[in-house]
Amino acid sequence: MPRKSREILITGSSGFVGSRTVNKFKRLGFKTRLFQGNISRLTDWKRNLKGGEIVLHLAAVKTETDKDFEVNTKGTEILFKAAQKSGKLPQKVVLASSQAVYLGCKPPFKEGMVPKPTTIYGKSKLKAEKVAQGWSKRLGLLLVILRYSGVLGPGVREKSKMSKPLFAWTKAALKNKPIKVFQDGNQTRDFVHVDDVVSANILAIKSLDEGIYNVGGGKKIKLIDLANLVKKATQSQSEILIVGGQPSLADPKHLFSDIQKLERCGWRAKKRVGQAVAEFAKEFRF
626 MPRKSREILI TGSSGFVGSR TVNKFKRLGF KTRLFQGNIS RLTDWKRNLK GGEIVLHLAA
686 VKTETDKDFE VNTKGTEILF KAAQKSGKLP QKVVLASSQA VYLGCKPPFK EGMVPKPTTI
746 YGKSKLKAEK VAQGWSKRLG LLLVILRYSG VLGPGVREKS KMSKPLFAWT KAALKNKPIK
806 VFQDGNQTRD FVHVDDVVSA NILAIKSLDE GIYNVGGGKK IKLIDLANLV KKATQSQSEI
866 LIVGGQPSLA DPKHLFSDIQ KLERCGWRAK KRVGQAVAEF AKEFRF
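Counting from 1 along the sequence shown, just add 625 to a position and that's the residue number in the working numbering.
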């Protein structure tokens with residue numbers, strides 16, 4: 626297990642998961658450095674790497690354009706290229722990935738199945754995984770890949786496809802306007818509280834063996850039930866309307882990750898979706 630004094634270099638520290646992780650690390654006394662610069666630039670990686678540290682690579686974008694490959698895939702590759710060229714090899718790399726690599730698969734999603742991403746974002750994250758695996762093997766580095774499910778909780782950003790309905794529904798609920806649920810409302814999702822994701826990050830840094838791990842909430846929830854949680858959290862009188870629509874490759878009927886592998890390592894999803902929704906609604910501004 627790495628000592629607390631082991632330095633941790635964090636990318637994406639200003640993001641939803643990143644900012645929550647940084648705050649937790651500080652409270653625990655971890656020695657952290659925040660990446661400064663552009664993760665797609667070799668010189669910036671060379672400047673940030675010292676050698677011997679643990680890299681927690683959280684930085685990513687989700688635009689569904691070529692920019693996803695530019696940042697998510699190329700940014701990951703350049704991390705390893707910079708380490709090789711500078712000779713400043715990290716002790717361990719923890720790479721944040723996504724449930725999006727599984728969208729074309731049949732749930733429950735397990736780490737051993739062949740991923741089938743159906744979106745540009747998912748493809749960029751899977752390619753980043755492959756790049757990281759190739760380079761870590763070549764350089765003899767420890768690599769842990771964490772595939773996050775939909776992350777919710779205080780501070781969640783609207784740009785995420787998983788969280789967009791939450792923003793729209795909370796905004797409608799606070800105005801007592803109809804909450805519009807697409808498809809039939811029975812589609813299920815696997816949400817995980819941001820604090821449980823932070824706990825997974827800590828475990829990955831401290832003790833997880835090399836490999837891929839799903840990080841999910843462990844419970845399926847129907848979107849109609851999520852809408853009702855929003856209504857409850859906001860004490861709204863809104864009507865919930867089912868507006869129809871069909872599943873698509875980018876928005877399947879059901880998403881659910883099997884988290885038994887990570888649970889066998891001692892991790893648990895301790896906070897439920899209702900708590901994440903309530904905390905989000907409490908701080909919501911529009």
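Some hints here could point you the wrong way.
Simulated restraints on C-beta separations [what the hints assert, rightly or not]:
1) K675 to R763: 29 to 37 Å
2) E835 to R652: 21 to 29 Å
3) R631 to S711: 35 to 43 Å
4) K671 to Q860: 22 to 30 Å
Below, simulated DSBU-like cross-link-like pairs (lysine-lysine); rule was C-alpha separation at most 30 Å, straight line [stated by the list, open to error]:
5) K649 to K845
6) K907 to K752
7) K752 to K857
8) K831 to K847
No lab work stands behind these hints: they were computed from the structure.
Ideal placement from N, C-alpha and C gives every residue a C-beta, glycine not left out.
What hint numbers does the structure not satisfy? 1, 3, 4, 6, 7, 8
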